[in-house]
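Engineer: Top to bottom, those sequences are chains A and B. With this note's numbering applied, the first sequence covers 1 to 251. With this note's numbering applied, the second sequence covers 1 to 306.
Keep in mind that the hints were calculated from the coordinates and are not lab data. Accuracy of the hints is not assured; some may be wrong.
Straight-line alpha carbon distances no greater than 27 Å define the calculated DSS-like cross-link-like pairs of lysine-lysine that follow [as the list claims (entries may be wrong)]: (1) B:224 / B:246; (2) B:110 / A:89; (3) A:85 / A:247; (4) B:110 / A:85; (5) B:211 / B:224; (6) A:247 / B:71; (7) B:250 / B:224; (8) B:17 / A:247; (9) A:89 / B:17.
Derived DEER-like restraints, expressed as beta-carbon distance ranges [what the hints assert, rightly or not]: (10) B:114 / A:55: 54 to 62 Å; (11) B:8 / A:195: 55 to 63 Å; (12) B:114 / A:33: 28 to 36 Å; (13) A:36 / B:166: 36 to 44 Å; (14) B:268 / A:250: 50 to 58 Å; (15) A:31 / B:139: 19 to 27 Å; (16) A:121 / B:183: 52 to 60 Å.
Please read these numbers as outputs of a predicted model, since none were measured by experiment. Beta carbons are placed, not taken as given, at the ideal position from N, Cα and C, and that holds for glycine.
Next come the chains, spelled out residue by residue.
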Amino acid sequence: MALQKVRLMPNRIRSLWAIMYYLGFIPVLRNPLFIPFVFSSPFTLLFILFVATGGTALPFGIAGALTMVTTELGLFVGTDLASYKIQNKFQDIVVASPVSPLTYMFGVALSELLFGAPPLIVLFALMAGRGASVVTILAALGVVGLLWVTTTSIGFFFSAYSPSTQNAFIINGFIATLLSVLPPVYYSVSLLPAVAVPFAEVLPTTAAASLFQGALGLGYSIPPLFSFAVLLMAAALLLALVSFRMKWREP
Amino acid sequence: MFALQAEGLTKRYAHGKSPALDGLTLNVSGGQIFTLLGRNGAGKTTFLRIASTQLMPTSGSVFVLGLDCVKEPRRVRERIAVTPQDAETIYPLTARDHIMLSLRMRGMEKGEAMRRTRAAIEALELNDVADINAEWLSGGMKQRVIVAMSIATQAEVVFLDEPSIGLDPVNRRRVWDQLALMRKEGRTVVLTTHYMDEAEILSDTLAVVDKGRLVVQGTPQSVKGSSGGSSMRVEVGGGFSADELKSYGKVVAVAGKNRVLTDTEGARNLSDAALARGTGVSIGPVTLDDVFVDILGGAAEGEADA
Ligand SMILES: Nc1ncnc2c1ncn2[C@@H]1O[C@H](COP(=O)(O)OP(=O)(O)O)[C@@H](O)[C@H]1O
Ligand SMILES: [Mg+2]
Numbered sequence: 001m002a003l004q005k006v007r008l009m010p011n012r013i014r015s016l017w018a019i020m021y022y023l024g025f026i027p028v029l030r031n032p033l034f035i036p037f038v039f040s041s042p043f044t045l046l047f048i049l050f051v052a053t054g055g056t057a058l059p060f061g062i063a064g065a066l067t068m069v070t071t072e073l074g075l076f077v078g079t080d081l082a083s084y085k086i087q088n089k090f091q092d093i094v095v096a097s098p099v100s101p102l103t104y105m106f107g108v109a110l111s112e113l114l115f116g117a118p119p120l121i122v123l124f125a126l127m128a129g130r131g132a133s134v135v136t137i138l139a140a141l142g143v144v145g146l147l148w149v150t151t152t153s154i155g156f157f158f159s160a161y162s163p164s165t166q167n168a169f170i171i172n173g174f175i176a177t178l179l180s181v182l183p184p185v186y187y188s189v190s191l192l193p194a195v196a197v198p199f200a201e202v203l204p205t206t207a208a209a210s211l212f213q214g215a216l217g218l219g220y221s222i223p224p225l226f227s228f229a230v231l232l233m234a235a236a237l238l239l240a241l242v243s244f245r246m247k248w249r250e251p
Numbered sequence: 001m002f003a004l005q006a007e008g009l010t011k012r013y014a015h016g017k018s019p020a021l022d023g024l025t026l027n028v029s030g031g032q033i034f035t036l037l038g039r040n041g042a043g044k045t046t047f048l049r050i051a052s053t054q055l056m057p058t059s060g061s062v063f064v065l066g067l068d069c070v071k072e073p074r075r076v077r078e079r080i081a082v083t084p085q086d087a088e089t090i091y092p093l094t095a096r097d098h099i100m101l102s103l104r105m106r107g108m109e110k111g112e113a114m115r116r117t118r119a120a121i122e123a124l125e126l127n128d129v130a131d132i133n134a135e136w137l138s139g140g141m142k143q144r145v146i147v148a149m150s151i152a153t154q155a156e157v158v159f160l161d162e163p164s165i166g167l168d169p170v171n172r173r174r175v176w177d178q179l180a181l182m183r184k185e186g187r188t189v190v191l192t193t194h195y196m197d198e199a200e201i202l203s204d205t206l207a208v209v210d211k212g213r214l215v216v217q218g219t220p221q222s223v224k225g226s227s228g229g230s231s232m233r234v235e236v237g238g239g240f241s242a243d244e245l246k247s248y249g250k251v252v253a254v255a256g257k258n259r260v261l262t263d264t265e266g267a268r269n270l271s272d273a274a275l276a277r278g279t280g281v282s283i284g285p286v287t288l289d290d291v292f293v294d295i296l297g298g299a300a301e302g303e304a305d306a
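Start from the sequences, fold in the hints, and give me the full structure.
Structural biologist: Here it is as structure tokens:
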């Protein structure tokens, strides 16, 4: 039994690597327009905010863009997975193989995250330029990671129920907007009417944005520990959902 | 031990009127090529998807290599591979990428994966196109790439849903050769097809399903024998009334032609009568297609499967 475990580990990494390489790197390398596409909305909002406020709202723009870039990166994984499932029937091949749903999801997601790195680096550089310490930046990276796990899982989960590739594209785009434009992502939670605050506070995007806002020296309008807890719980909940409740084998 | 065992397998889809599978029971020994034959909508794909752990049955049981597909799907998945019906190549991977992906994601070591990929490319005559975007390949080439993804694995049981669809006769035979090779390695091949000749030439055992039920299972020889013991088929042109034809044997209607299944004696009499009237006649041994048409009452070949 122990021997089998030892042998299974490198296989899982091999498996993850193969999926990253063939379903992530190669497609993005051959279709590089994917990158500007994913980042067009977050940076548009950042730009409008910057211009409209004469530059004073730039930190809010950075916090918002960090949140939205991460959210879109995660959700777009779902769109790709939906087309591998519906159009290529590739997911059928994966289901009837030793590859687990988590390995499959993270294989595709990790490679897309890698391509999402340049805009994230720009945003982190802007954060550093505003005087954030190394520790703060590392913590912010952790926040990006938790939010990414959450939104990737949401995208994957919904992709399993999409009747068509177009549907998955629309649903994921809609969720991305819903999660990163309406809630206090590009603005402070204190601007919300009091009744809306409790609802907004438990959203992982609000939590992430609030932490980024704090890291950018805007102060924390939600206690940071609370936001961290929300993010951790969201990530754990959705990972569990994908592991145990995913429509992997059709009912 | 059986490689595949189904007992009372039933599947009702959420929006289906009648069950797609209705108490299907069958056994497949290991190291065989087993073919599921049936008309469109007979339940072939449903069966394959349940047995390959992609779909839950409504009731009944399936075991692959003695492992329960419902209760221990993970252990089953270690040992199977599938080629789904209507699978498409992934843009913008090459043929080689597709096969490598399928092997590497299953944890195969790189050198071994490259070796097996090369062999599959060679065997399925994809050499010249192995390294271009598979999207640019012809339909038949794409289908061979899709098929190669499962047969190049080391899975002990390989499920192929209509693997030879869209292939020309030469390439169909190339795929058959590969399936025969898998059998030689002791692996079990479970396939569906609506090409009768394919089922007849290739299968060790075949099962005819209709409306989700097993109609007959056995070797191609024994299944052919199930059509009332006729050994010959005679096709004649016009000039015979239906009643007259019936007096020679069993009449099966195929696209307006008069086909009669009969014994040697009947075949001789009918062809003599046809020659005497100067209408065309052709004689041959009963084929699986005849039996299929006879027991299911309709042609399967030539229609695109749903
Ligand atoms: N997802 C589904 N939902 C409802 N009915 C389905 C579904 N898939 C297949 N069916 C029905 O189940 C029956 C068997 O289909 P299938 O297994 O695909 O047959 P075959 O592969 O032999 O053509 C058909 O009547 C088909 O319409
Ligand atoms: Mg089918």
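Engineer: Work down the list of hints and note, for each, if the structure agrees.
Structural biologist: Here's how the hints hold up against the structure:
1. At roughly 20 Å between alpha-carbon atoms, residue 224 (chain B) and residue 246 (chain B) fall within 27 Å of each other, so this suggested pair holds.
2. Pair hint residue 110 (chain B) plus residue 89 (chain A) holds up; C-alpha atoms about 25 Å apart against a cutoff of 27 Å.
3. For a cut-off of 27 Å, the pair hint linking residue 85 (chain A) to residue 247 (chain A) stands: about 12 Å separates their Cα positions.
4. Using a Cα cut-off of 27 Å, the hinted pair residue 110 (chain B) and residue 85 (chain A) holds, with the two alpha carbons roughly 26 Å apart.
5. Proposed proximity of residue 211 (chain B) and residue 224 (chain B) is supported: the alpha carbons are some 20 Å apart, at most 27 Å.
6. Proposed proximity of residue 247 (chain A) and residue 71 (chain B) is supported: the alpha carbons are some 16 Å apart, at most 27 Å.
7. Using a Cα cut-off of 27 Å, the hinted pair residue 250 (chain B) and residue 224 (chain B) holds, with the two alpha carbons roughly 14 Å apart.
8. A C-alpha spacing of about 23 Å is found between residue 17 (chain B) and residue 247 (chain A), which places the hinted pair at or below 27 Å, so the restraint holds.
9. Pair hint residue 89 (chain A) plus residue 17 (chain B) holds up; C-alpha atoms about 25 Å apart against a cutoff of 27 Å.
10. For the hinted restraint 54 to 62 Å between residue 114 (chain B) and residue 55 (chain A), the CB-CB distance of approximately 55 Å keeps it satisfied.
11. Here the CB-CB span from residue 8 (chain B) to residue 195 (chain A) is close to 57 Å, well matched to the stated 55 to 63 Å.
12. Restraint check, residue 114 (chain B) to residue 33 (chain A): a C-beta distance of roughly 31 Å satisfies the suggested window 28 to 36 Å.
13. Remark: the range hint 36 to 44 Å for residue 36 (chain A) to residue 166 (chain B) is upheld by a beta-carbon distance near 37 Å.
14. Roughly 54 Å separates the CB atoms of residue 268 (chain B) and residue 250 (chain A), a value that falls within the hinted 50 to 58 Å.
15. Distance hint for residue 31 (chain A) and residue 139 (chain B): a CB-CB separation of about 23 Å, consistent with the stated range 19 to 27 Å.
16. The beta-carbon spacing between residue 121 (chain A) and residue 183 (chain B), approximately 54 Å, falls within the hinted interval of 52 to 60 Å.
Of the numbered hints stated above, none is contradicted by the structure.
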